[in-house]
Amino acid sequence: MFRTAANRFLSGARHYNGNIGLRFRRPVTLITSSRFSTTENQPFSNPHSIHDAIPVSTTENPSFNDSTSSSSSSSSSSSSSDEDSRRESSKSRAKYEDEHARLLHASLTHVMKLGWTEAALVSGAKDVGLSPSIVGSLSRKEAALVEFFMDDCLQRLVDRIDTDKSLKSLSPSDCISKLIRFRLEMQAPYVSIWPEALSIQAQPVNVPTSFKQRAMLVDEIWHVIGDNASDIDWYAKRTVLGGVYSTTEIYMLTDSSADFRDTWAFLDARVKDAFNLKKTIQEARYLAEAVSVGLGNSFQRFVEKVSRR
Amino acid sequence: MALGTITKRLGNKIFPTLSSTSRLLHSHATSFGFKHVNEEEKARMVGDVFTSVAANYDTMNDLMSAGLHRLWKERLVSMLNPFPGMKHLDVAGGTGDVAFRILDNINKVKQRGLPDAFKDSLESETQMYVCDINPNMLNVGKQRATEKGYGEDGSLVWVEGNAESLSFQNDSMDGYTIAFGIRNVTHIEKVLSEAHRILKPGGRFLCLELSHVSLPIFKELYDLYSFSVIPRIGEMVAGDRESYQYLVESIRRFPPQEKFASMIADAGFQKVEYENLVGGVVAIHSGLKI
Numbered sequence: 001m002f003r004t005a006a007n008r009f010l011s012g013a014r015h016y017n018g019n020i021g022l023r024f025r026r027p028v029t030l031i032t033s034s035r036f037s038t039t040e041n042q043p044f045s046n047p048h049s050i051h052d053a054i055p056v057s058t059t060e061n062p063s064f065n066d067s068t069s070s071s072s073s074s075s076s077s078s079s080s081s082d083e084d085s086r087r088e089s090s091k092s093r094a095k096y097e098d099e100h101a102r103l104l105h106a107s108l109t110h111v112m113k114l115g116w117t118e119a120a121l122v123s124g125a126k127d128v129g130l131s132p133s134i135v136g137s138l139s140r141k142e143a144a145l146v147e148f149f150m151d152d153c154l155q156r157l158v159d160r161i162d163t164d165k166s167l168k169s170l171s172p173s174d175c176i177s178k179l180i181r182f183r184l185e186m187q188a189p190y191v192s193i194w195p196e197a198l199s200i201q202a203q204p205v206n207v208p209t210s211f212k213q214r215a216m217l218v219d220e221i222w223h224v225i226g227d228n229a230s231d232i233d234w235y236a237k238r239t240v241l242g243g244v245y246s247t248t249e250i251y252m253l254t255d256s257s258a259d260f261r262d263t264w265a266f267l268d269a270r271v272k273d274a275f276n277l278k279k280t281i282q283e284a285r286y287l288a289e290a291v292s293v294g295l296g297n298s299f300q301r302f303v304e305k306v307s308r309r
Numbered sequence: 001m002a003l004g005t006i007t008k009r010l011g012n013k014i015f016p017t018l019s020s021t022s023r024l025l026h027s028h029a030t031s032f033g034f035k036h037v038n039e040e041e042k043a044r045m046v047g048d049v050f051t052s053v054a055a056n057y058d059t060m061n062d063l064m065s066a067g068l069h070r071l072w073k074e075r076l077v078s079m080l081n082p083f084p085g086m087k088h089l090d091v092a093g094g095t096g097d098v099a100f101r102i103l104d105n106i107n108k109v110k111q112r113g114l115p116d117a118f119k120d121s122l123e124s125e126t127q128m129y130v131c132d133i134n135p136n137m138l139n140v141g142k143q144r145a146t147e148k149g150y151g152e153d154g155s156l157v158w159v160e161g162n163a164e165s166l167s168f169q170n171d172s173m174d175g176y177t178i179a180f181g182i183r184n185v186t187h188i189e190k191v192l193s194e195a196h197r198i199l200k201p202g203g204r205f206l207c208l209e210l211s212h213v214s215l216p217i218f219k220e221l222y223d224l225y226s227f228s229v230i231p232r233i234g235e236m237v238a239g240d241r242e243s244y245q246y247l248v249e250s251i252r253r254f255p256p257q258e259k260f261a262s263m264i265a266d267a268g269f270q271k272v273e274y275e276n277l278v279g280g281v282v283a284i285h286s287g288l289k290i
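Chains as they are written, first to last, in full-length UniProt numbering: chain A, 1 to 309; chain B, 1 to 290.
Next comes chain B alone, as it looks inside the complex (with noise of 0.2 Å):
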């Protein structure tokens, strides 16, 4: 009775707005969260969440995820089959987690012995850009790296800017990943296009998303634990109740697994595929570039 009643004032809540993300697609660009801003305002406001969680951004994955995420971003890199001489761009990646995970994956590859093919790319070294808009989160990643020994050889490299107006050359990545970023951007589309402006011919594009479910029960098991105990949980380890309300909001105007999908081939990407984890609380996209 009592859920009823919260699922019944969530849904209230909830699909009015969805309803509205369908028919207007890029009200999604000017949305903070369920709140309409403009365009500035929402950079500034992204900006000012991340400022104030980055210390305990990491934690606050583990908690919410029940340390899911850990086994999201190795899927990521395993769908990315990363190979010594890569060169790869991280974007929104500011704590460096993913791009860890690829120069663990790259280094394991290495350690399974060298066949021939790699031993040219060898001189060609591997090169890990990790890419975020936020100082703050980057300064995060920076210490993370000296403390785990990563990059010592020179192969990250920390690059302050916007996924919007990258500043690499046409044609000068091998990959490009993005995991929890892309729903914070002010314009999706101009993102996806600057991701297929870097890549090389042959490069792939990896998103790792927070995404829709479907599946009718746990919809709503879903909804009710991500707009009662999110914003708990970050009340009270991150101290900051507003960033995380605007988290859970952010996932429902986040285009459906489809659309997005969709958007990635009108950038121009060929055999896009997704595909669902745990139901499509997550999901992984992915395109090539021809």
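Just chain A, same shape as in the assembly (with noise of 0.2 Å):
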């Protein structure tokens, strides 16, 4: 009973974890402002923050370049104009993420023809009346540019997720499969270059991000089907979903079916198998059960024979 007390508490924190995922319904800001606060520049793009003698805003700041939330903290403790001017930076700042957005998405509209590379955000900049100078002041060219696709697929897959209200009266297995589906579907038009883009994600300095985006987006795939999905372990759970995923994204680059047809196929054996695991697990712990039944048995009657004697 203890135990099971116990687990309660653990699931119940772990789940608070997944909700984080949640919670920050804009992936590409958290993203973005993630970066931002890493890098030296955050408080110099705030200049005034440097004399600021308010410690609680700079660290609001940083982590979640949320305009409303930080001017909202500070403005208990600070004078009006200090207020105005962190406002105004702020504004400007948001101004420079809009721009970066606009830069990346329009780079997108390239990476088709040009692949995802330095070319394809200097046609973007131009397109959107930039000068393609910007390009160098952006850290990880082309990561910047995968990983904006992959949170913009995560927005995508999180809006519908919003919108669809068949998705809960799915079992949990056919569920699993569409929002994979779904997700997949997206980086579709891309696959014969997505090798590529899989590569970038795979370099070294890049893994981080890659490995994080991958979680969120398994994480809320796991959130649909909510608690009602199985008593497995919560990394489990997460690590089976990634495999599958994964495995599936891989399958689909060399798939030359029409619309895929072998990769769905692909992935609802996979799902399916990922399912039985947690059948077999659970028949594995019955047999042991049984087995080590039998086997007390017959010891408590091998202890009776000996000492009979």
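These aren't lab readings, by the way, just hints derived from the structure by calculation.
Nothing false has been slipped in among the hints.
Derived pair list, reagent style PhoX-like, types lysine-lysine, alpha-carbon separation capped at 25 Å:
#	chain 1	residue 1	chain 2	residue 2
1	B	Lys110	A	Lys141
2	B	Lys110	A	Lys113
3	A	Lys126	B	Lys108
4	A	Lys279	A	Lys168
Reassemble the complex: the two chains are provided individually, in unrelated frames, and hints are given to aid placement.
Given below as structure tokens:
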């Protein structure tokens, strides 16, 4: 009983962890803001924070980059002129991020022709009327493009989850394969250049972000199914789904069937495998219990025999 | 013991003025090294310095930095990430050192094989403007360009002009670099706002400048080197002790990294960052115009 209580407590805590992904429903801003805060520039894009005596606001800004939260938290203890300048600088920072997103969005249209390259970024910059010089200010150029695409797809998936009520009525396995399929269909047009994107994501400097993005994706999918899925460990659930997603993604690269029919069949089979695996684990546990009971009985009999002599 | 007294003496010499810099920012505008002069005088005196050192300028840079200034400039250019068809302005680059490196880099990009994106930009040719207030420095640069064969296709343009009032149109440049120059101007704020004015949206500002060292022991050594060794080298090689005395003093009067970064941000630049090289002997500041 103690164990089940502890279990429930732990799973509760873990689900809270998982919920973080749900709470920030705008992954695009989340990722860009975290990258923005890791660079040294953060305090200088907000020059007045250098002389800011209130440590709260300087720590607040980088973690959320939410203009409303930072101004509301600092308004209580700062003068009005400080507040104005801070609002101004957060506005201009928001403008920078808008331009950044606009640049990457425009660059995506050139990716089909030019690949996930600097050239696509240069063309994108020209399209939105910015000097191609801006490409030099992106620290990981190609990766920024791939990561933007991943964020964009995740956002579209989240929108779909929010609007599509029919998902709730599906069985967990159908729901999972439907969502993975929906997500993979987004990158279907890019399938010929997707290996290049995968290799960019696999570069050591880019691994942390790409891993985080995949974790968020898997997390979103599990959250649709909610608590009624199973009692497999939280990490195991996500690892298994991550595995299914990644193998299907790789399978898709070499699939030449019409509309990726083979890929979707492969996906359904893998999801079924995953759910069977869960059953297999349970059966194995029952078997182990039966065996241990049997062994215990024979041991007991053996002891009785020995003691009788 | 002897070293101790020297550093102590140096400390006495440096610290009073350092503390006054932090109190009076604008005093920099009218400082010539540690001397206080009025604005017109500063411009003239800086002009004299560069007229007298122009011929030996690059040799002296090599000697003083032990050749490191080449690496610093390479780093500056790699941060700039130049591209074919770029319109670039290098301010205070009279001897063409930075401009030649940028042109080399662009040629390398061309040789790597042109992606489609650059095809149409090729029609609008790369233009490299080198602006310097001092005609003697420009002459050295022009001479070196003809020796090395740069700018035969007309991509190099030499402009004599003041960084505080540039003769270029608004939104006309993709990039702006200033290497070891902004320290010598009379009004840093004016230079920054001019840079912001002439850059296109998306254009970048990059500044390579001798800056402040904060590592304790290294700082002492660096001060010792700059106040005792550099003026002596200047005297021996360029025959001009005063100019190099001015050089090391003006480095101390320049705003520290963080302060300068906030000045760049105040001029309207976004994504202001800086990178210290060799523990802060040199810093590269960068900003983006949106």
